[in-house]
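Participant: Quick mapping for you: the protein sequence lines, in order, are chains A and B. If you're matching positions, the first sequence starts at 1 in the numbering used here and goes up one per residue. If you're matching positions, the second sequence starts at 1 in the numbering used here and goes up one per residue.
Keep in mind that the hints were calculated from the coordinates and are not lab data. No experiment lies behind these values; they were computed from the predicted model shown. Possibly wrong hints are sitting among the right ones.
Stated by the list, open to error - For lysine-lysine, the following DSS-like pairs were computed, each having C-alpha atoms within a straight-line distance of at most 30 Å:
{"no.": "1", "chain 1": "A", "residue 1": "Lys-210", "chain 2": "A", "residue 2": "Lys-182"}
{"no.": "2", "chain 1": "B", "residue 1": "Lys-182", "chain 2": "B", "residue 2": "Lys-142"}
{"no.": "3", "chain 1": "B", "residue 1": "Lys-210", "chain 2": "A", "residue 2": "Lys-182"}
{"no.": "4", "chain 1": "B", "residue 1": "Lys-215", "chain 2": "B", "residue 2": "Lys-142"}
{"no.": "5", "chain 1": "A", "residue 1": "Lys-215", "chain 2": "B", "residue 2": "Lys-215"}
{"no.": "6", "chain 1": "B", "residue 1": "Lys-182", "chain 2": "A", "residue 2": "Lys-210"}
{"no.": "7", "chain 1": "A", "residue 1": "Lys-210", "chain 2": "B", "residue 2": "Lys-215"}
{"no.": "8", "chain 1": "A", "residue 1": "Lys-142", "chain 2": "B", "residue 2": "Lys-182"}
{"no.": "9", "chain 1": "A", "residue 1": "Lys-243", "chain 2": "B", "residue 2": "Lys-243"}
{"no.": "10", "chain 1": "A", "residue 1": "Lys-215", "chain 2": "B", "residue 2": "Lys-210"}
{"no.": "11", "chain 1": "B", "residue 1": "Lys-215", "chain 2": "A", "residue 2": "Lys-243"}
{"no.": "12", "chain 1": "B", "residue 1": "Lys-210", "chain 2": "A", "residue 2": "Lys-210"}
{"no.": "13", "chain 1": "B", "residue 1": "Lys-243", "chain 2": "A", "residue 2": "Lys-182"}
{"no.": "14", "chain 1": "B", "residue 1": "Lys-182", "chain 2": "A", "residue 2": "Lys-215"}
{"no.": "15", "chain 1": "A", "residue 1": "Lys-215", "chain 2": "A", "residue 2": "Lys-142"}
{"no.": "16", "chain 1": "A", "residue 1": "Lys-142", "chain 2": "B", "residue 2": "Lys-210"}
2 protein chains.
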Amino acid sequence: MSGFGRVALIGIGLINGSLARVLRREGAAREIVACARRRATLDRALELGLCDRATTDPLEAVRGADLVVLGTPPAAVVPAAAAIAAGLADHAIVTDVGSIKAEIVRGMQGVLPGPDRFVGGHPVAGTEHSGPDAAFDTLFVKRRCILTPTGTTDADAVATVRRLWELTGAQVDLMTPEHHDKVLAITSHLPHLIAYTIVGTVADLEDREKTDVFKYAAGGFTDFTRIAGSDPTMWRDVFLQNKEAVLEMLGRFSEDLSALQRNIRYGEGDALFDLFTRTRAIRRGVVEAGQAYVRQADDPLADEP
Amino acid sequence: MSGFGRVALIGIGLINGSLARVLRREGAAREIVACARRRATLDRALELGLCDRATTDPLEAVRGADLVVLGTPPAAVVPAAAAIAAGLADHAIVTDVGSIKAEIVRGMQGVLPGPDRFVGGHPVAGTEHSGPDAAFDTLFVKRRCILTPTGTTDADAVATVRRLWELTGAQVDLMTPEHHDKVLAITSHLPHLIAYTIVGTVADLEDREKTDVFKYAAGGFTDFTRIAGSDPTMWRDVFLQNKEAVLEMLGRFSEDLSALQRNIRYGEGDALFDLFTRTRAIRRGVVEAGQAYVRQADDPLADEP
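With the hints as extra help, turn the sequences into a complete structure.
Facilitator: Here it is, written out as structure tokens:
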């Protein structure tokens, strides 16, 4: 079988919806069944052609499925696995797309009948938009997708999930769930936390000042608002479920910010200049690692209205 | 006279270089004279066709000039004005492009022979690149340019400088130097400060972790590195010269960050969700104010390699 047989998508928002579009385009699924809590979401998914069948019943959704993708917000991934467990075929492979991994991978042990056929996954891609209407089939092109198998994960299951993500155009990497959470805490979670904070600080300004902030946002603030426009439910879950690594990185950041604040207060220009020169070198490292190029060329955010 | 006569550009980097390209394209200057400290910079400016004449001598540069644009880093603007003062014609209009305004406008009083013909200016535009090679003639299109005349500034001087910036495609706004510094502290200076800090935090990570950060930077970190790749000299000056407003906004931000940190530590999901919902609304405000569109369509950063 070159395809993935019957695929059950639990949750049909930006990520699973985009995955559905890829499966459609490639003719890689014999049938796509979507499951969501709200009937209106499923009706829309059907209208958009994201699935062949749609049901609000998790057990019905996974019956006879060869591959199940849990596409819910992070905190709902393990509960969703619990809800489908009784309906899973023996050979079914289960994966997820949650932005945190350690807590999810641990949670699966007590919940799934065959936890070794679960492969933790995280496509590092997204836009500030959510829901089935936000889905598009190039979302994952040239982006990274991290898989986090453990020592006991079935090798065939890993190979299948890897094949799924490679089909989307993503570059697949393997690492432990714990390492994933640490790396993402600094590259993604902390930046989001900071963007949410500064945009929140602006929200508390007086109306007249706020109007001016909108007007002159191009000076740097725009980038932060874009990040801080991300899905509230998902990000609440991320911070709570990756608490330890986020607080650790936030602690380092706060110390560094205090030091910089002190440099400014006491007019220590040389210290500022040295730091800004070092950060410029880091920028070069990121550009050379190809991420900046990817962002410009392929980031869906670059096409937003 | 529809043009600007003889124009002297003190400093010939990204901003003044781009201004030169506009003046050339529009045939709006009878002669462009560039002045810089380093001969190599001037040779390059001549090679690029940014000026007709080039000199390292400020007095020679402004002799007979109708309009002088001080395009140095913020801390060098008032010293540059002092260096040209003795060479200025009586009718010469002087303006600058510094990112902070109150300290510069105050400084001109004791330095220029005719401080009323000085008009403080700040084009809110830029890229992470600097120097004459970074200049291009659409840098200011659809961007804001803020002018900060005082109660005694000559009305004709304001009209001339306004005409100059409108020629570049910028939208010109007038406000007091103090209001400018306050608005920019939150829209630009604080975002830069925070971006510098988080990128600096990464610079202190161990090598193996740093490599992974580069690899997965697309998760949010890339935006920060772009901001933190900005010119070190200019930004050192900005933070030191707008110290008061920056420290005030930084104080608010730090309080808000501590509150958020506490929410995470104690698992207060509702508080996180509420904040993230509010920031999403702010994002919509910025998009509606047109800045996000401008960024996508015209921001030169969108074309970086």
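Participant: Please go over all the hints and tell whether each is borne out by the structure.
Facilitator: Hint check results:
no. : hint                    : result
1   : A:Lys-210 <-> A:Lys-182 : 35 Å, violated
2   : B:Lys-182 <-> B:Lys-142 : 22 Å, holds
3   : B:Lys-210 <-> A:Lys-182 : 12 Å, holds
4   : B:Lys-215 <-> B:Lys-142 : 34 Å, violated
5   : A:Lys-215 <-> B:Lys-215 : 34 Å, violated
6   : B:Lys-182 <-> A:Lys-210 : 12 Å, holds
7   : A:Lys-210 <-> B:Lys-215 : 36 Å, violated
8   : A:Lys-142 <-> B:Lys-182 : 41 Å, violated
9   : A:Lys-243 <-> B:Lys-243 : 34 Å, violated
10  : A:Lys-215 <-> B:Lys-210 : 36 Å, violated
11  : B:Lys-215 <-> A:Lys-243 : 23 Å, holds
12  : B:Lys-210 <-> A:Lys-210 : 37 Å, violated
13  : B:Lys-243 <-> A:Lys-182 : 34 Å, violated
14  : B:Lys-182 <-> A:Lys-215 : 13 Å, holds
15  : A:Lys-215 <-> A:Lys-142 : 34 Å, violated
16  : A:Lys-142 <-> B:Lys-210 : 21 Å, holds
Of the hints listed earlier, those the structure fails to meet are numbers 1, 4, 5, 7, 8, 9, 10, 12, 13 and 15, in rising order.
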